[in-house]
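*Asks:* Sequential numbering of the sequence shown, starting at 14, is according to my numbering.
These aren't lab readings, by the way, just hints derived from the structure by calculation. It is possible that part of the hints are untrue.
[Stated by the list, open to error] Each pair of labels, with its calculated beta carbon distance range:
{"#": "1", "residue 1": "LYS207", "residue 2": "ASP79", "range": "32 to 38 Å"}
{"#": "2", "residue 1": "SER47", "residue 2": "LYS207", "range": "28 to 34 Å"}
{"#": "3", "residue 1": "ASP104", "residue 2": "GLU145", "range": "23 to 29 Å"}
Remember, it's a predicted structure, so these values are computed and weren't measured experimentally. Ideal Cβ positions, reconstructed from N, Cα and C, are used throughout, including at glycine.
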Amino acid sequence: EAPSRQSLAPSRTGATIMKTRIRDRWRNPDQQQSAEKNGEALGYVCWQLALTAGRNLHAEDFIYQDDVQRVAVIREYLIFLVHAADRLAFDNLEQADRAALVPALALACARQFHRNAVEVLGSGDYQAQFIETLNRRNGHYGECSFGEGLPGYALLRAFSDHIQAIMGNDQTNRWVMDQVMDIDGPDVVRQLAKSMSNLHADKTKGAKTSST
Numbered sequence: 014e015a016p017s018r019q020s021l022a023p024s025r026t027g028a029t030i031m032k033t034r035i036r037d038r039w040r041n042p043d044q045q046q047s048a049e050k051n052g053e054a055l056g057y058v059c060w061q062l063a064l065t066a067g068r069n070l071h072a073e074d075f076i077y078q079d080d081v082q083r084v085a086v087i088r089e090y091l092i093f094l095v096h097a098a099d100r101l102a103f104d105n106l107e108q109a110d111r112a113a114l115v116p117a118l119a120l121a122c123a124r125q126f127h128r129n130a131v132e133v134l135g136s137g138d139y140q141a142q143f144i145e146t147l148n149r150r151n152g153h154y155g156e157c158s159f160g161e162g163l164p165g166y167a168l169l170r171a172f173s174d175h176i177q178a179i180m181g182n183d184q185t186n187r188w189v190m191d192q193v194m195d196i197d198g199p200d201v202v203r204q205l206a207k208s209m210s211n212l213h214a215d216k217t218k219g220a221k222t223s224s225t
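My request is simple: use the sequences and hints to build the entire structure.
*Replies:* Put into structure tokens, the structure is as follows:
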């Protein structure tokens with residue numbers, strides 16, 4: 014159970030990421046897709062969610078000092094979403110599908126991040142950096158609870174700590190942790206779960222119960 018937090022943060026508009034329109038259904042729903050294809054498609058969903066979350070911080074009057082900061086926030090959201098997708102897959106998919114989906118998703122996110130980071134920041138091996146950071150984060154995030162389709166307090170806290178470290182603790186950005194923990198973090202996972210369900214409509218129904 015999360016310890017109670019009395020936030021002194023200024024009130025926010027509470028703009029929800031769940032209002033983001035995302036393409037997360039196959040054109041032909043009757044044509045079964047492989048777990049790898051679903052992972053690649055989910056990578057696009059995660060990219061859109063990460064971009065929206067990054068923009069939402071700006072819309073809530075938090076300040077990015079430069080593109081390096083902005084790109085780093087998007088990277089952390091992508092990594093958080095890949096981890097959340099793995100936890101959701103564990104709960105809702107067969108092990109074989111999960112084992113194929115998650116690596117495909119991680120690679121799709123890493124490639125997408127690399128392409129966009131090169132455009133914004135210039136040359137660099139951003140794909141390798143992404144995978145390395147993902148592996149580090151997974152080691153910590155994996156120790157945190159995740160239940161009923163949502164990250165627990167410890168996982169949200171660990172994730173928001175990384176965002177806070179990037180954004181800094183000046184008078185404007187010192188409350189970013191509250192925004193991420195209370196609103197944006199849960200929102201992106203809810204949308205991710207919805208998109209995963211849409212992409213796996215033929216596989217999630219009774220996937221776990223059918224094998225018991």
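*Asks:* Decide, hint by hint, whether the structure agrees.
*Replies:* Here is how each hint holds up against the structure:
1. LYS207 with ASP79: 32 to 38 Å: holds, 33 Å
2. SER47 with LYS207: 28 to 34 Å: violated, 21 Å
3. ASP104 with GLU145: 23 to 29 Å: With Cβ atoms ~27 Å apart, the hint holds.
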